[in-house]
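*Asks:* So the chains spell out like this:
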Amino acid sequence: MVTSDLLTTILSIMESKMESYEEKPKVKKKVFNVLVECLQNLYHHIDKDADEKVSTQDNSALLMISKSENDYKIMTGNYMESKNVENLKEKLELVNSMNKLELKTYYKEILSNGTRSNKGTAGLGMIDIARKSGQKLEFNFERVDNGLTFFSLIVKVAE
Amino acid sequence: MEKLILEGSAKTPTVNFDGENGVMELRGRSIPENSIDFYKPLNEWIENYGNSPKPNTVVDIKLEYFNTSSSKCILDLFKQLEKLNSKGTVVNVNWYFEEDDEDMEEAGEDYDAIIDLPFKMIEVEEI
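Protein chains in written order, with my numbering: chain C, 1 to 159; chain F, 1 to 127.
None of these hints come from the bench; they were simulated from the model.
Errors might be hidden in some of the hints.
What the hints assert, rightly or not - These stretches of chain C come out as covered by chain F in the derived footprint (C-beta under 8 Å, 3 or more residues):
#1 23-36
#2 39-45
#3 104-110
Claimed, not checked - Non-contacting residues of chain C with respect to chain F, defined by C-beta distances greater than 12 Å in every case (computed):
#4 Ile65
#5 Lys67
#6 Arg143
No residue lacks a Cβ here, since even glycine has one placed at the ideal position from N, Cα and C.
Turn these sequences into a full structure, and let the hints steer you where they fit.
*Replies:* Now the structure itself:
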């Protein structure tokens, strides 16, 4: 289960890791910000299904963080209902088609005009991730069965 | 009127709303999964303050991080303050950001573009 406490723990581990690498403040902040949004995406999307009777598989999530010489990579994976794939895919493709300035304008537009779900999510997550990352988002949808699809996302933050 | 003081936590900012001096400060990080519950008492406090505000109101935003769930709540807070601006108080916003934190500086600029309040961008070494 992805709980609020689990997210707090992961964030705190990641902060002290970057502290110990003596990471540049700018990079540290970007990685932290992207990680917050990625984790909260997992939290909200899995939270939604928790009301219904779902198997452990549907509820599980994947998180990997890697650091190479040039960048940090944050990778997440979760199951989602296949019927929602098209929407998400369109959103990701739209975000990927935008440059820095277009993303800023789009963010402001959704912030000032967009509505908010009862979970407090505002539809800004992916836009914010793309802005902070400064690079194209890599994603993949893998159809499983029973109307489920495995969604994976890779976000890079350059050193 | 009573002050609103909240200790910061791993995911929520320190709040220091002082009606006697007309100063409202948010400091630290605002990254709760659901921000609505956290911001509700802040909005209520501002509503009360609006009944008898000081001639000058200063809003100090000293955030190190905020998530997208908070961004909407922060906008709502500014919208409330925007309304106060014409009701017997002059509202000024100080938006603090750390050196080299372009993302936080841009976030301040984003709000400045949407909200009709004077924003002062203040770069500091550490928040």
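*Asks:* Which hint numbers does the structure go against, in order from smallest to largest?
*Replies:* Those not satisfied: there are none.
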